[in-house]
Amino acid sequence: MRKVYTRLERIAGSVVAVAAGDATYRELAQLDWPGGTSLAQVVRLEGGRAYLQVFAGTRGLPTDARVRFLGRPMRVAASDAVLGRVFDGAGRPRDHGPVLDEDPVDLAGPSVNPVKRIIPRHMVRTGIPMIDVFNTLVESQKLPIFSVPGEPYHELLARLALQAEVDVIVLGGLGLKHDDYLYFRDTLEAAGALARTVAFIHTAADPTVECLLVPDLALAVAERFALAGKRVLVLLSDMTNFADALKEVAITMEQIPSNRGYPGDLYSQLAARYEKAVDFDGAGSITILAVTTMPGDDVTHPVPDNTGYITEGQLYLRGGRIEPFGSLSRLKQLVNGHTRDDHRPVMNAMIQLYAAYRETLEKRSMGFRMSEWDERLLRYGLGFEARLMNLEIDLPLERALDAGWALLAECFEPAQTGLPTALIERFWPQGPA
Amino acid sequence: MPNTGRIVAVNGPLITVAFERPVVQNEVGYACIDDLRLKAELIRVRGGYADLQVFEDTTGLYVGGKVDFTGEMLAAELGPGLLGQVVDGLQNPLHDLAAAGGYFLQRGSYLQPIDRERRWPFTPVARIGDQVRAGDTLGSVPEGEFTHRVMAPFALVGAWRVRAIAEAGERRVEDVVATLEDARGRTREVSMLQRWPVKVPIRAYRERLRPHEPLVTQIRIVDTVFPVARGGTFCVPGPFGAGKTVLQQLMSRNAEVDVVIVAACGERAGEVVETLREFPELTDPRTGRSLMERTVIVCNTSSMPVAAREASVYTGVTIAEYYRQMGLDVLMIADSTSRWAQALREVSGRLEEIPGEEAFPAYLESVVASFYERGGLVRLRDGSTGSVTIGGTVSPAGGNLEEPVTQATLKVVGTFHGLSRERSDARRYPAIDPLESWSHYQGLVDAADVAFARDVLRGGADVAQMMKVVGEEGTTLEDFVRYLHAEYLDAAYLQQDAFDPVDAATGAERQVLVFGEMLAHLRTPMRFAGKDAARDFFHRLGQATKEWHRCPWGEPAFEAARANVRALVDEVRDA
Ligand SMILES: Nc1ncnc2c1ncn2[C@@H]1O[C@H](COP(=O)(O)OP(=O)(O)O)[C@@H](O)[C@H]1O
Ligand SMILES: [Mg+2]
Chain A
16 MRKVYTRLER IAGSVVAVAA GDATYRELAQ LDWPGGTSLA QVVRLEGGRA
66 YLQVFAGTRG LPTDARVRFL GRPMRVAASD AVLGRVFDGA GRPRDHGPVL
116 DEDPVDLAGP SVNPVKRIIP RHMVRTGIPM IDVFNTLVES QKLPIFSVPG
166 EPYHELLARL ALQAEVDVIV LGGLGLKHDD YLYFRDTLEA AGALARTVAF
216 IHTAADPTVE CLLVPDLALA VAERFALAGK RVLVLLSDMT NFADALKEVA
266 ITMEQIPSNR GYPGDLYSQL AARYEKAVDF DGAGSITILA VTTMPGDDVT
316 HPVPDNTGYI TEGQLYLRGG RIEPFGSLSR LKQLVNGHTR DDHRPVMNAM
366 IQLYAAYRET LEKRSMGFRM SEWDERLLRY GLGFEARLMN LEIDLPLERA
416 LDAGWALLAE CFEPAQTGLP TALIERFWPQ GPA
Chain B
63 MPNTGRIVAV NGPLITVAFE RPVVQNEVGY ACIDDLRLKA ELIRVRGGYA
113 DLQVFEDTTG LYVGGKVDFT GEMLAAELGP GLLGQVVDGL QNPLHDLAAA
163 GGYFLQRGSY LQPIDRERRW PFTPVARIGD QVRAGDTLGS VPEGEFTHRV
213 MAPFALVGAW RVRAIAEAGE RRVEDVVATL EDARGRTREV SMLQRWPVKV
263 PIRAYRERLR PHEPLVTQIR IVDTVFPVAR GGTFCVPGPF GAGKTVLQQL
313 MSRNAEVDVV IVAACGERAG EVVETLREFP ELTDPRTGRS LMERTVIVCN
363 TSSMPVAARE ASVYTGVTIA EYYRQMGLDV LMIADSTSRW AQALREVSGR
413 LEEIPGEEAF PAYLESVVAS FYERGGLVRL RDGSTGSVTI GGTVSPAGGN
463 LEEPVTQATL KVVGTFHGLS RERSDARRYP AIDPLESWSH YQGLVDAADV
513 AFARDVLRGG ADVAQMMKVV GEEGTTLEDF VRYLHAEYLD AAYLQQDAFD
563 PVDAATGAER QVLVFGEMLA HLRTPMRFAG KDAARDFFHR LGQATKEWHR
613 CPWGEPAFEA ARANVRALVD EVRDA
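Protein chains in written order, with my numbering: chain A, 16 to 448; chain B, 63 to 637.
Hints were generated in silico from the structure; no laboratory data involved. Just to be clear, a hint being listed does not mean it is correct.
[Said to hold, decoys possible] With a cut-off of at most 27 Å between alpha-carbon atoms, the simulated BS3-like pairs for lysine-lysine come out as follows: (1) K18/A <-> K530/B; (2) K530/B <-> K593/B; (3) K530/B <-> K378/A; (4) K192/A <-> K262/A; (5) K378/A <-> K261/B; (6) K473/B <-> K261/B.
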């Protein structure tokens, strides 16, 4: 039986210090006091003291709280019984169901040996042309949705969840509005997907530190299912809240900030989570889609910036549409060579022409005369936005490519598209479009 | 008696250890939890306390826990059998770890990178009585395509005499193959295996030479416009998604060198997987063997322990220097040096050192400089030459090149391939900015022609700028054609389709021919009825040139496509 401590020597922010010589690094402790109870984790050992991060925060915490070390790191139950359930950021039931403790797995386990990963090769079809044609989603991909509050990113996330063919959905809410949580729940329920979903929901009203645990909880469970051969889709929203929680904790720990108050290890912290996305050699996979709102709509802000360096591309959601510029699936070339011969060239040509259209728009807004070429581009750009960019559109990849050819033929001569002659001969729509 | 210490503090990857007997800066220690031993490096001593960075997750360490000091600096194992390997930043072979530990990298398991049982057909080269110095060849074994030199240890001081040398025959790496004796009669047994501290450059050569020959990467914008030299250094800064990694992957595949060391430092595991799964299947056209046979992957990806990122680039460059000592040309690429710099920053922060700009440590510049200094072309003691070419990507925060890591790197490299967001957004790959980038090295083509091409590009950019103000109608036909020239050169020469089997790699001869011919076309006086006609013409010319790029070198289709381009030019020639 380990000793129980009853004197906190320091309380600052969410961190407390206790003179416990026998604590081990990152072990879990249970704090109890008349007004409450919380788990805490050892984040530093120094000078005979253990520094503990208290998950529930320290509001109302007395210095004589009882501290009991548990001799193990944080764990989460990961049996099939979690399906259909909802937990909070500390892993407690949020749905009045029973507490689960079967098949516990440690949070933030070791990383996958790279030689046990395989090259991802399965396209995830979404029916959204801006994704399927231009930024193809691939199983095991980690992809953020960069956006700003007010944009329909939760609708997009829910649609991707329902249309993607996966076995298990793990939803992680970080500082989520309660209404948004209900929206997800109702949408998944209406589609009959709730029984294959497990949710870890930290809401804006919950203690900040619990927000930090959500990705680890979600990914530990996801990993367990993936090892059992399941294709798992992890949805996280909003990872900017995760980064902000890191910042808050780092500041109370008096760490030297590197950039706009964020700790120097922001990249490593985010990467440790996103790199859990994997296609196992001989087992299942984890795909991660994560909403990341950009403070001030600025992609160079440390949170989207560090995220973009880690993830395998990004989708920009702006004005209710997926932006063709900036949006990128880095894994697309692993699959788009096996879809249809014209997929890659059409994707490239259409984007380059859309870029030219944007330049023409700029010229027009400055009052310049439009050349014949500009007129073509203008017709093309409007068609592109209406027939491919519109998020309402739901088309299988092949029909979306056909729609692309039809649009090109309406607006250009074959040579103007920059497409290889051989493809033009095969795919250029004949006769009046 | 082993030297041990006791842990007094744990702070992330950093531990503070009380010790009594002498310790050595940068020596390796093992922090113990029961039977688990976690490798660490001593990085600071203050009074009776040493700070060590642990190369593993520190969960479970505790105050009072034991640390075993080894007295030896972090070292790489060097010997035959390194080529084709995939190792982590501490040179643990990942395939062997997977065989032993399954899907995950369990901390505290360390395996030897070089197989102790494998037998190599050894041929003696040195003879009894020969005088040798550090790095001199004692014998050789075949390793893949190469004659792997078995060399006198790099740590050897002064001249030694060969007292005994093994006969030709099968030898294991730890078998003694030679006995050396110095002037004072001390002897030393030498095997095929040696260890070398990774943070110390191998200097067993006669002299360093100025890099003068281009290293052909088969990427047109690089070889023709911003070349890299054998033994030179280059950097590739760019915002995320601009194409740094793809560019390095292309180089690791197509560059005309003997050995490639890929150091995947703090970036995605998935990218390494592409390399390690694909290379064994790809043939190196120069040798007909698998590409993996000339490649070593040192991999410490972003979710692997942060403290080992630094070790990974040093391990990589040490292996590169080792093969250079055999008279080979080695290309070492590191993706991304910023992650290593960030690891330095993390540790420096925990050491509570006074931070410099953006909280990077004050010694960042000197660390970066001494890393790139390990690149170079050298003349070995037997007169042959070998080279290490180093290319690092840089991931500037917010894409802003003013940040400390980019600035420190630009001061020391010979070539700057700056990737731009505008170009990558417009899918103009490789997104090397032709106006901002530079190279101090001589490339494949005449400097005057490169200057001409750059004038064309700059001129076109000027016109484009002007057109934004005065519009197309306010632009003269002559200026407009200048703009089209630049667009043509960009689209049909600088841009290259990494996913087209032919276009992805352009050999030196082909570059010289195509570039020469395209410049000739650009110098041809042309007449157009108007701007629309001119634009239409250059669209078609660009199209025809791109088709030419897709025709295999030396096949009839190549000449046909070339003639097509010429015929188009003849249509508008102003005779
Ligand atoms: N040379 C190229 N040709 C075609 N596509 C490219 C090229 N370079 C980059 N890309 C595209 O851009 C994506 C991002 O490139 P990557 O090298 O991963 O960026 P970075 O390492 O700079 O973040 C790739 O996945 C690919 O889709
Ligand atoms: Mg990269």
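ask   = Among all the numbered hints in the text so far, which are the ones the structure does not match?
value = 1, 5
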